[in-house]
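Trainee: Protein sequence lines correspond, in order, to chains A and B. Using this note's numbering, you'd call the opening residue of the first sequence number 1 and step up by one each time. Using this note's numbering, you'd call the opening residue of the second sequence number 1 and step up by one each time.
Check each hint, because a few of them may be wrong.
To be verified - If you anchor each label on the Cβ, the simulated ranges turn out as follows:
(1) A:K38 to B:A1: 32 to 42 Å
(2) A:G28 to B:Q42: 23 to 33 Å
(3) B:T5 to A:P95: 21 to 31 Å
(4) B:S70 to A:T16: 55 to 65 Å
(5) B:A1 to A:L54: 31 to 41 Å
(6) B:G62 to A:L54: 32 to 42 Å
(7) B:G62 to A:P95: 25 to 35 Å
(8) A:R63 to B:L18: 20 to 30 Å
(9) A:G14 to B:G62: 27 to 37 Å
(10) B:G16 to A:T16: 48 to 58 Å
(11) A:G101 to B:T5: 12 to 22 Å
(12) A:P8 to B:A1: 28 to 38 Å
(13) B:L56 to A:Q82: 39 to 49 Å
(14) B:L18 to A:K22: 17 to 27 Å
Stated by the list, open to error - Under 8 Å between C-beta atoms, here's a sample of chain B residues computed to sit facing chain A:
(15) R22
(16) S26
(17) S84
(18) L104
Claimed, not checked - Straight-line alpha carbon distances no greater than 20 Å define the calculated EDC-like cross-link-like pairs of lysine to aspartate or glutamate that follow:
(19) A:K36 to B:D95
(20) A:K41 to B:E88
(21) A:K40 to A:E108
(22) A:K9 to A:D85
(23) A:K40 to B:D85
(24) A:K18 to A:E84
(25) A:K22 to A:E108
(26) A:K38 to A:E84
(27) A:K36 to A:E58
(28) B:K68 to B:D85
(29) A:K40 to B:D95
(30) A:K38 to B:E71
(31) A:K22 to A:D85
(32) A:K22 to A:E3
(33) A:K9 to A:E58
(34) A:K53 to A:E108
(35) A:K53 to A:E67
(36) A:K36 to A:E3
(37) A:K53 to A:E84
(38) A:K41 to B:E64
(39) A:K36 to B:E88
Source of the hints: derived by calculation from the structure; they are not laboratory data. Using N, Cα and C, we set each Cβ at its ideal position, and we do this for glycine too.
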Amino acid sequence: DTEVTQTPKHLVMGMTNKKSLKCEQHMGHRAMYWYKQKAKKPPELMFVYSYEKLSINESVPSRFSPECPNSSLLNLHLHALQPEDSALYLCASTPVQTSSGNTIYFGEGSWLTVV
Amino acid sequence: AQSVTQLGSHVSVSEGALVLLRCNYSSSVPPYLFWYVQYPNQGLQLLLKYTSAATLVKGINGFEAEFKKSETSFHLTKPSAHMSDAAEYFCAVSDKYGGATNKLIFGTGTLLAVQP
Chain A
1 DTEVTQTPKH
11 LVMGMTNKKS
21 LKCEQHMGHR
31 AMYWYKQKAK
41 KPPELMFVYS
51 YEKLSINESV
61 PSRFSPECPN
71 SSLLNLHLHA
81 LQPEDSALYL
91 CASTPVQTSS
101 GNTIYFGEGS
111 WLTVV
Chain B
1 AQSVTQLGSH
11 VSVSEGALVL
21 LRCNYSSSVP
31 PYLFWYVQYP
41 NQGLQLLLKY
51 TSAATLVKGI
61 NGFEAEFKKS
71 ETSFHLTKPS
81 AHMSDAAEYF
91 CAVSDKYGGA
101 TNKLIFGTGT
111 LLAVQP
C-alpha cells in the first residue's frame, strides 16, 4: 500500500481563521514533506521532517506552522493567511533517506482557498 | 546544483500517436531522475524513475523513458496516446539537501493534450 492520505480535500478559510491540514501514511516512512503548488506551476518544497524532526524549512512564513506528532502523522497549522496563500498543498513521504533514489510518494492534496 | 529542464510547456497529440515529452538534466554526479504525472485536481503519481540500474526504464500505463548520458536527457515516451493520458507531466531530479535529506527538484511541467 503506497498511500498518503490528506484531509480535508478542500478548505475555505478567512484571513483571521486558524485551521489545520492533516496528512497520514502507514508505509513506515520516516521522512515527510509539505509542498505548495500554485496553478500551472510545479510543486515547491515548504518543509521536510526526518525522524519526526524538522530538517528543512524553505524560508516559509511563520503563518504556516508544521507539526509531526508521530512517525505517521504530519500537520500543517494555518493562521492569518493571505489570499495569495491559496493553493494546492501536497503532503509526501519517503523511506529512510539513505539513497536519493528513494521514491517520494504524494497524497492527493488539500485545496486551500483564503478569502 | 542539480536541475531539470522540460522543453515544451504544452504538447498536443492525436489519439494513437506517439507521445514524446522532453526532459534534460544538469548534474555533476549521476542523477536520480523521475517522471510524475498529475491528473486534473489530483496529486502527483510516480510514472517511472531512473536509478542507474538500466538506461531504459519502463513505467506504468505504457510509458517508458531512456536515460542518455551523452545527451543529458531523460525523455518520456509512449507509443500510442490514449485520451486518458491527458495530464500534466513533471520531470524531477532528486538532490540531497544539507547532505542528508532527499528533495525533488521539479521541471516546469508539460501539459499533454490528446485530441480524438
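Trainee: What are the numbers of the hints the structure violates, in ascending order?
Mentor: 1, 5, 8, 9, 14, 15, 16, 17, 28, 29, 30, 33, 34, 37 and 38
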